[in-house]
Amino acid sequence: MFLQNATPAETAELTTPTGLKPPGGARPIIEFERVTVSYGRDAAATQALAESTFRIDHGDFIALVGPSGCGKSTILKLVGGLLTASSGHVFVARREVGAEDVRIGMAFQNPTLLPWLSIRDNVMLPLKIARPFREEWRQKRKTEYRDRADALLAKVGLQDFANKFPWQLSGGMQQRASLCRALIHDPTLLLLDEPFGALDQFTREELWATLQTLWMERRPTVLLVTHDLRESAFLANRIMVMSARPGRILVDEQVDFARPRTLDTTYQPEFTSLTHTLRSLIVAARSGAGAPS
Amino acid sequence: MRAVNREKLASAALIVGVFVLWEVSCLVFGISEIILPRPSQIIATLIDRWPALMPHAVQTLYTTLVGFALGVGAGVVIGLLIGSSRLAYNVAFPLLVGFSSIPKVAVVPIFVLWFGSGTVPAVLTSAIICVFPVVVNMATGLATTEPELEDVLRTLKASKRDILLNVGLPRAMPYFFASLKVAVTLSFVGTVISETVASNRGVGNMMLIASSNFNVPLVFAGLFILAGLGVALYVVFSLIERRVTGWANRKTEFAGG
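Chains as they are written, first to last, in our numbering: chain G, 1 to 293; chain W, 294 to 550.
Bear in mind the hints are in silico, worked out from the structure with no lab data behind them. Treat the numbers as computed from the prediction; the structure is a model and nothing was measured. Watch out, some of these pointers could steer you wrong.
Taking lysine-lysine and the BS3-like style, the derived pairs with C-alpha atoms no more than 27 Å apart in a straight line are [what the hints assert, rightly or not]:
| no. | chain 1 | residue 1 | chain 2 | residue 2 |
| --- | --- | --- | --- | --- |
| 1 | W | K450 | G | K140 |
| 2 | W | K474 | W | K397 |
| 3 | G | K128 | W | K474 |
| 4 | W | K450 | G | K142 |
| 5 | G | K140 | W | K453 |
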C-alpha cells in the first residue's frame, strides 16, 4: 500500500524480540458483525455507527482515527460494555459482549480519578472491583496489591506521589495515574478514549513512550481512539480511519515501523508521508459529511 | 495560618462586641428587664437557676438527638432510594417537595392527637423536620455523580452495589454533611416547638411557663441554653465533616493525614 517500511538494515537494528506481529498469530479478541448504533427512535433517530464488520487480533495495538462525532468512542463503548448495539453482534473473546470474562482496562480523556482516594488507592481500585482480584482484596490490599500499585506508579515516575490526592497533581501526572489504573489488573483489553487529548505536546510525547513501553511489556490488546494522527502512527500497529457520521471504517492500514519507536521515528519521511496520507483521508471524510448518504 | 488566626480573632471580637453593645444600650436607654434583660442578668439567672434548668436542658438535648438520629436515618434511606435511580428521582421529587413545604409546626397537634403529650411527639417533630434536608441532599449528591466516574467502574464489571459503595456514597458525603449541619439546628426547632405546645418538660416548656410568669430573664436563659446546644452540635458535625470530606474542600490537613 502507500506505506513503506524502513530500510532492511534499520529494521533489523530496531526490531525487538516482542516484534510487531501479535503473538500466536491471528487470534481475534474483538469481532464486530454488522454492528450499527443509533440514538433516539424512529424518524428522530441519528445513526452514530453505520454497519461495521471487523476483527481485532490478540495483543495488537489499534488506533481509531476520524473526524469528530464519527463514532470512534461509540466503538470503544460497545467493546467496554458501556453501550449496546442497535443491531448486529459484538463479540469479545468469542463471547457476546457483557457475558465475557475478558478483563478490560479503560482510560478516558479526563483522568476521572476519584477525588476522595489517594493516587495509590485510585490505582488499586480495579483490584478491589474486578475479578479474580476482588476475592483476595482484604488479605492483599496492604501487601501484594499495594506493592503492585507502587511498582506500576514507579514505572511512570509517580513513586513519590502515591500518597497525594488527585488535585495535588498536574494534569499530565493525573493522566499517568489514570493509565496505571487502567493497567493494574493486567487487562487483556485496554481501551483508551483520547487519553492524551488534554495534554500539552511535550507531556503527550513523553506519555506515548511510556504507553509503548508498558504495551511492549504486557502486550494487552489496545484500542486507542485519537484525533492526533502522529499519535496514532507512533503507537499503533494498525490504524482504522473512520468516515464522518454515521461512522464506518474507510481504511484499515497496517503500520510497520520497528519497535520501540522513538521521537526520531516521527521525523522519518515514511512517518511523515503516512500521517500526510491519513490527514488527506480524514479531510476527504469530513468534506463528505454534508453529502447525502 | 496568620490570616486564619486573625479571622478567628475577629469573629470572637464580633461576638463579644454584640453582647457588649446589647448590655450598654440596655443601660443607656434604661430598658426594663421585663422587655429585654441585659446579658449579664441572663447569665446570672442561668448560673443561679442551673440546678433547676439542667434537667430541662438534658431532656431537650436527649429528645433532639433521638429525633435527629431517626430523621437522618430515614433521610439517608429515602435519599439512597431516590438518588440511585433517575426514574425514582424524577417520579418521587414532586411528592417530596409537597411534603417538605408543609410547615412542620402544623403536624405537632396531629402527633399529640396520636401519641399524647410528652417526649414522643417532640422526638417525632424533631425527626420529621430534619428528614427532608437530608433526603434532598443525599439524592442530589447521588444523582449528580459524574457518569464518567461510574463508567470507570462499569468497565470493571462492577455491580450496582459496588458502584454505590465506591462512587455514589463517597461522592454524596459532602452533600450529606452539609445537610446534617442544617438538620441538627432544625431538629432543635422541632423539639422546642413540640415542647412548647404539648409537654411538661424541656427547655421549650420551661420558657413557656417563665414567660407566662413574666420572668423574662429566665426565658432568655432558655434561649441561651438552646443556642449553646445548637452551636455545640454544629461544631461536632463540622469537625467530623472536615475529617471525612476534606477532599471536597481540598484541605491541606486532610491531604497530610
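We went through each hint and held it up to the structure:
About 21 Å separates the Cα atoms of K450 (chain W) and K140 (chain G), which keeps this hinted pair within 27 Å; it holds. With a C-alpha separation of about 18 Å, the suggested pair K474 (chain W) and K397 (chain W) falls inside the 27 Å cut-off, and the hint holds. Under the criterion of a C-alpha separation no larger than 27 Å, the hint pairing K128 (chain G) with K474 (chain W) is inconsistent with the structure, at around 33 Å. With a CA separation close to 23 Å, the supplied pair K450 (chain W) and K142 (chain G) stays within the 27 Å bound.
For the hint pairing K140 (chain G) with K453 (chain W), the CA-to-CA distance comes to about 24 Å; that is within 27 Å, so the pair holds.
Taken one by one, the earlier hints fail for this structure only at number 3.
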